[in-house]
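The chain contents come next:
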Amino acid sequence: MLNNVGWSLAVEKLLQIEVPERCQYYRVILGELSRIADHFTCNGASAMELGAFTPFLWLLKVRDWVWDILERETGARMTHSFGRIGGMAAPPTASFKDDVRQLIPEVHKVVKETEIMLLRNRIFLDRMQGVGVLTKEQALSYGVTGPVARSTGIPYDVRKDHPYMVYDRFDFDVPIGEDGDNWDRFMVRLEEIRQSVRIIEQAIEQMPDDGPINVDDPRIVYPDKDEVYTTIEATIAHFKLVMEGLRTPKGEVYSFTEGGNGELGFHIVSDGSGTPYRVRVRPPCWYNLAASREMLLGGMIADIIPTFGSVNMIGGECDR
Amino acid sequence: MPKFTLDGREISFDPGETVMEAAWREGIEIPHYCWHPGLSVAANCRMCLVHVESGRQMEMPQLAFDEKKGEYVPTTKPKLQPACQLAAAEDIVVSSTNDEVKTAQASVQEFLLLNHPVDCPICDQAGECKLQDYYYEHQATLKRKLTEPVHKPKGVRFGPTIIYDAERCIMCTRCIRVCDEVAKDHVLDMRERGNKNEIVLAPGRELDHRYTLMTEHVCPVGALTSQDFRFKARVWFLKSGQGVCTGCATGCNTHVDYDPRYGKVYRLRPRDNADVNKYWMCDDGMMTYTRHDTDRLLMPTTGRGDERMPVGEDEALDLAAEKLKAVDASKLAVVLSAQHTTEDNLALAKLAAALGADQLYLAALGGWEGDDILRSDDNNPNRAGATQAAGGVTLKSVDDLLADAQSGAVQGVVALGWASAEQLEELAPLTALDGVVSLTSHVGAFPAVASVAIPVADIFEIDGSFVNDKSMPQAFRPVLAPPTGVDPAWKTISALAGKLGKDLGFQDLQSLRQGLSDAVEAAQ
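So the sequences go chain by chain: A and V. Each residue of the first sequence is one higher than the last, beginning at 108 in the working numbering. Each residue of the second sequence is one higher than the last, beginning at 1477 in the working numbering.
It is possible that some hints are incorrect.
Pairs of lysine-lysine, BS3-like flavour, derived with a Cα cap of 27 Å [what the hints assert, rightly or not]:
#1 K1621(V) to K1672(V)
#2 K120(A) to K1578(V)
#3 K1545(V) to K1555(V)
#4 K1967(V) to K1740(V)
#5 K1606(V) to K332(A)
#6 K1578(V) to K1621(V)
#7 K1660(V) to K1946(V)
#8 K1628(V) to K332(A)
#9 K332(A) to K1872(V)
#10 K357(A) to K1672(V)
#11 K1619(V) to K332(A)
#12 K357(A) to K1606(V)
#13 K1630(V) to K1708(V)
#14 K1978(V) to K1872(V)
#15 K1967(V) to K332(A)
Restraint-style ranges between C-beta atoms, simulated for each label pair [unchecked claim]:
#16 V388(A) to K1946(V): 27 to 33 Å
#17 A183(A) to N1671(V): 46 to 52 Å
#18 I124(A) to Q1986(V): 30 to 36 Å
#19 W1712(V) to V386(A): 44 to 50 Å
#20 Q1703(V) to V349(A): 34 to 40 Å
Keep in mind the hints are simulated off the structure, nothing from the lab. The structure presented is a predicted model; accordingly, all values stated were derived computationally and were not measured. Glycine included, each C-beta is placed from N, C-alpha and C at the ideal position.
Go ahead and model the full structure; you've got the sequences and the hints to work with.
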């Protein structure tokens, strides 16, 4: 979901359009839900890899709750292709706000339980604290972003430093660590879950219940199917979008958002036609993975497991 | 040259030119439907309305809604003028993009789509339709009209080549003007008006002149479709190559539209060339593409009548060389082809020279009528080029060849091409000769009487040039790949020469072309 929205925002920047406010809130809430799912999964897996299987299952159930909501909204649990240039594929369901409101206390509860289960566990502490250290300087020189960078004390968060959509309307903190070790990365993610919940709580209250989700321009957004089937204007708009693609002005943009693991950037060069002339993705994990060399050097072989886990590498982002 | 300003850009014009023409020449397209560079001005579609911002403004009264008063009040707006009819004048300032003009373009476009059927999914024009292009560029709003669109006749047969759909028609009258001004045959006209408007045939007539496909070609929408292309392909799958029509000695320039997935040509379209065909082609020329994949010779064959059988490529060349070696060079007839490129003919003429054969003939098609519009009296695209390739040697006719064969002056034949005006029965005397080698892309009379027939590439598959009846050399590029194992004729001739122990002195097209005049080289 964060990727969907990141890409849509990049093309929207090129088109110089802004989606309706309701859609911006919708995107924020779905994105933060995805972030919560990501961080729970990463932290749960970190614990599992150190032998603690119960926390893994305990944390993963939150992901399932989040995915229940995403499934109701988008139709898919994981591979949702829901973002659209100029809006979203569908408006929020009627029960969207209630579903999210019901989820919030459950998330808080599981975060609390995580702390009880792990934060005083000797084995967990020994394997996490002081292991896989990345210094602030190393993080900066590798271009590391996201929770990994923040764990070293760099307070960089795109949502705060370069607010996009409606992030400047929310009151939330950017948690940072000090040592840049596995423990800090774990704790930063845990705190970010709380901050995401804060954002969601505010967004739910501010999000309008009515209004359009998509921009009102058939050159950008597909018209409704029943119009496509019955009116020539919508048929042509649909045809043009499918056959020739969405035409953007000539030029290039770099647009970046805070993904689950850091700065997710899209660089697009357009020649004015319906297909991009060049697209370059800046995936956070490509840089974070490169920096893992510094975390691992001089450590024990067995420490690769928790360290690698806490980098939270996404394979697809490193396949280039 | 005097100049005027269009959208902030200076455009020079010849006195008498319209704003549209001057802009078109500069490569600027002011949106239009009814205007065509090769036709007279109708100014009826109103899509090309522009605003002349300089000089005294003409105001047009209108009613505008006043929010405060809550009613319509009289006011004025600038009067716009059609660019296709507006004579360019020194120093006028024209806008085709200001707000007034944009509103007009959007409104005209919305008006044209008012009763348009939802036909894009089944319309052959979809993908190259001006209604679609201009909707996206100039309208981009959804339908406001809620009533049922006006219905008109669909699938009307205008003639053997053209089907008309009145619902899709925007009444630009381009087809009427093409018939009047290009074909000089007033067979189409318009009846009724408003939303009952419709293109009709002259009473008792069919659309059956020689330029009917041009009506479809100029139709900016899908109202006229060609019987031949209808429902055959979707244009977005087609790619386009540049060709020269093989229909006659005019050598009209063509776009060859083919589907790269199947290696199949689906249609020709005229390619604008002011010196040759302007914007047009005749029906017969447009249909020459069908020759490409009918009756192709794909495998070398040997033997005659019932004993004819396929042989391998190398074997065929060996066999041909063996048969030709048996013939004395002075009794060997070399037949050039007015249907093949200058390069192919040159290679064959070189082979004749290398062998010492000096009896050159020319095979050409006949049975054709020219006119004073585009069609040349000669329906062979390259008679002039073949004559040039012979290099001063007089080319005798196929009739002479038959006489020479019967008199014994000719005992062996190498013939290029399938095309000859003579039928199989007339060529029958050649079957008495053992050494008759035919290099041909298609089956035909010559390959039928040959003792060895070797396939060569067809016109869409080769690099080459034709010399038209105005002595203009025109080059074209390959569009499709030749069938497996089939080469361009010049290459096959070179290979045959190798088997005969001769070197023709060229390895590729470039070195072959050095033997041609500078003009041909310039056309490459």
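field: Proposed proximity, K332(A) with K1628(V) (alpha carbon, max 27 Å)
entry: holds (26 Å)
task: Quickly compare the C-alpha distance for K1578(V) and K1621(V) to 27 Å and report which way the hint goes.
output: holds (20 Å)
message: Need the status of pair K332(A), K1872(V): alpha-carbon distance at most 27 Å?
response: violated (69 Å)
- request: Sort out whether K332(A) lies within 27 Å of K1967(V), counting only the CA atoms.
  value: violated (56 Å)
task: Confirm or reject the claim that W1712(V) and V386(A) have a C-beta distance inside 44 to 50 Å.
output: About 22 Å separates the Cβ atoms of W1712(V) and V386(A), which means 44 to 50 Å is violated.
field: Cβ separation of A183(A) and N1671(V), checked against the hinted range 46 to 52 Å
entry: With Cβ atoms ~47 Å apart, the hint holds.
- request: Sort out whether K1555(V) lies within 27 Å of K1545(V), counting only the CA atoms.
  value: holds (26 Å)
query: Does the alpha-carbon distance linking K1660(V) and K1946(V) stay inside the 27 Å limit?
result: Holds, because 23 Å separates the two Cα atoms, which is no more than 27 Å.
message: Looking only at beta-carbon atoms, does the pair V388(A), K1946(V) fall within the given range of 27 to 33 Å?
response: violated (57 Å)
message: K1619(V) and K332(A) were given as a pair; does the straight-line alpha-carbon distance stay at or below 27 Å?
response: holds (14 Å)
query: Is K357(A) within 27 Å of K1672(V), Cα to Cα?
result: Judged against 27 Å, a Cα distance of about 43 Å means the pair is violated.
- prompt: Taking 27 Å as the top limit, are the C-alpha atoms of K120(A) and K1578(V) close enough?
  reply: Given that 27 Å is the threshold and the Cα spacing comes to 24 Å, the pair holds.
Hints 9, 10, 15, 16, 18, 19 and 20 from the earlier list are contradicted by this structure; the remaining hints agree with it.
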